[in-house]
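Quick mapping for you: the protein sequence lines, in order, are chains A and B.
Numbering of the first sequence is given in this note's numbering, commencing with residue 9 and proceeding in unit increments.
Numbering of the second sequence is given in this note's numbering, commencing with residue 3 and proceeding in unit increments.
It is possible that part of the hints are untrue.
Claimed, not checked - Per the computed footprint, the stretches of chain A lying under chain B, defined by three or more beta-carbons under 8 Å from a beta-carbon of chain B, are: (1) 86-97; (2) 304-312; (3) 367-374.
Hints are computed from structural coordinates only; laboratory data are not their basis.
Keep in mind the model is a prediction, meaning the values are calculated, not measured.
Here a beta-carbon is modelled for each residue, glycine too, at the ideal position from N, C-alpha and C.
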Amino acid sequence: MTVDRRLDLLKQQNPFASSSVGDPWDGHYPHVSSINEEAFAGLCHLMAQKTHNPALNCAGLILGEVGSGKTHLLGRILAYSTQAQPPFAFAYIQPIEDPEQTYRYLLREVMVNLCRPAHAAPYATQLEALLAAIYIEVLLAHSRLQGTHKLQIIQRDNLNVLTYMRPPVFAYAQAWAADLLCRTYPEMSARFLHVLFQYRLLETRAAAVSWLKGDLLDPADADRLGVPERVQASAMRLEQEARDMLISLGLVLARYGQPLILCFDRLENLETEAQMHAFGKMIEFLVDTAKGMLPIACVRGQQWQERFRQVLNQHVTSRLETNRFTLQGCTAEQALALVRSRLASVLDAEPAEALFPFDAAELQRMFQVGFHSPRVVIARVNDRLRHLLDAERATPVSPLQTLREAFDRQVQTIQRDFQRYPPDRDRLRRALGLYLSHSSAQHRFRLDSLQRPLTERKYIDLVGILQSGASASTPVTLIIDVEPHPAAVSASLSRGIDCLQAESSSQVVYIRDARCPFPPHWKATNEKLQRFKALGGHVIFLDQMQAATWYALTLLSYAVREGDITLVTAEQQIRPVSHEEFAAFIQHVFDGDAASAFRDVEAALGRLGDTVLSTEPAPSAAASTGPAEPKPPASSP
Amino acid sequence: MDTDRLVDVEQLVLALLQKQGKDYLTVKQVVAGLPSAPRKRLGLTTSQPVAALLRQLTPHLGQRLHVYKGSRSSYIGRNLSPEELIVGRIRQRPGISSKQLGTQLPLMKKPYLTALNALLKTGAVVCTLRDNHTPCLMLVDAQVPLPETASVESVESVASVASGDDRLAFKAVYDEVGQGSDFVRIHRLREALEWTRARFERVLMDLRGDYTVELHGGDPSLLTATDLHNSYMDEHGTLFITLSWRGRSS
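Turn these sequences into a full structure, and let the hints steer you where they fit.
Okay, here's the thing in structure tokens:
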């Protein structure tokens, strides 16, 4: 390949453009084995111990500052999960938003991960592999010699056993498996197994996944699965059910030697003590109660020392710190290996030219003094590459552009695989809060801060007071709903109607991810929706583009808070984007933009004319009852 | 015309070396650093192979410049002897290990070691062994420690290596302040040690240079203005807030 061609390739696919992994499932850069080798080996060893002894009460803690490679290390563990003998399951857990739904959140995150397309054949998802393991055990125990031999050949050839089983065999296998597992483990939920088995059928798969995630099911789906509806269940009952399902799942994972590693990342986004305690509760449960699950927490070193250790119960910190891995920066040799590996992802160069177009001695000098975090290495080399390619000093990229590029990438990632980002009320609420908190000045409405209500939090997400010139203040209620059950939807709409009837000038906005059904046969619910509209309520169904944008905004906010979005300044200094710059980005990107994903919200609130939305007088107990969120990032620590 | 070009290139390269404070640069660095007009006039681009660049540049380098062949690359620099190159680099980095020095000079291994041994024999350069047996080089005239009163703020201007006592004192305070933590705030160490800024940063740079400590960015939002002032900013303007001890105390 000619020099010009190689330079062209580097221009088109600059391998140093991104120094942030974002989500390990999306990671596509190669791993350099020598970087953080000790931590990786330690985690693999821990996982091997857990596989050998699923009841082992242990957890892991990865400490590393911004850019030290925490998320990349998780990507490496994910890659290893399919190569390990035996393989193990992997779940990447984003920070919890609502501490009142701790177990439901954990269950949902686990199931979303287990249902993601698997990286290795023959099973489409990790959950399918688990299901196959259950069937194989009972079939081996009950089959005649010929059947056993056939099964062994299927396994030897790494084929999907589920595709070779006829319906009658499935029926027998399910009965045998349910009997075996419930007899062996008294705490095993028979209903959990009953629904898990229906995951293999295409016609019930979607409903089974919804139920396994803890969702409220549409009555028809509940009927199809043969499970009772959850709509009447209290929050406490639903939490208990989620906990029981996690216990059952853990027993299955443990029995079949496929333990699950749960990686809790971006924990800097746990803003309130309630959220941190919810995290602690999850760790305690996973270590002490659930079998076959190994929690790993990734935290910035200083944050761990100064925030988490001060808030979390010692019971939790001691469990995490027992297996602590501190990440280390790159030596010069490791930095050069990192550069080589990134270049190799684009150029197929001979070993002698593996550092093309850089000068090896120059790179050596650049990183010869002290350790450098992988992110610093990538950022400095990126700057050098841009300099080489443009022959002039590379123009520094503005914070706005940096955020815009990261945001666009996130939107594209979500749109490419929309199913991986299921309707999520908490994340929609955060996105809405961020938008409303920062779309100031240029608008017909302004919002100093928002808060969650003290009562009816199950249905109402945010409240505020809209002030219109000299006239009286107008209460505003924002309801976000992703429930698939008509009774739950109806309950949300009823709260909206109550607000509108209590005060005629009140403004209520009902927002729903359009993927959540609202079919015409929900007669009573549709009538309620019409009544809501007739009373002046605003209804917004987020289409795919809008929803993707909302979720992308929330995930970007996590990344910014973690210090994951960095830029190189004019002085060649690498620094993370600040919260103030993120706020300015939101204002710039969404304010007054008619085509934006928030146009319907803007239209609903802006319809009131030249108004100012201000905070409702904050009840004194607000801080102690939960997150007064969303907090404007500008005021966050 | 040819004479003009010769003088032109030689002076431009010398000016570039002067500006960058270096005695030598790689050939590609020299080409990249030349103004675009002479670069175009000579038909030079950084994408050309080094050998081709040297063929075009060498006739224009004059008496004051020299082409060096290093183990990894070719360099253009001031016309200096190997001994002068070694002394110049040790002056910039007192305490540098003999191995590190070898990788940083535009010399092949054999002439480098021959010249270094000659300097050691004459006593112009002395070699001491660190606790980890790393041989460190210093110039005789740089061995006298600077008095505390010479509170030069710039680390560059403090041409001395941290003494073993300072390193031990640093480690003791790290242990005391950190109480077992892997991430200890730099400002707390600075405040506990009560050294001059120059002395503290000299020791810090020395510990960082041989991978004894690792510096981290940390979270500035958790710090006061005074804390930030007492943290550490490197020559690239990067702020470091915490550090981790990686090596053995020495």
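Quiz item: For which of the previously enumerated hints does the structure constitute a violation, in increasing order of number?
Solution: 1
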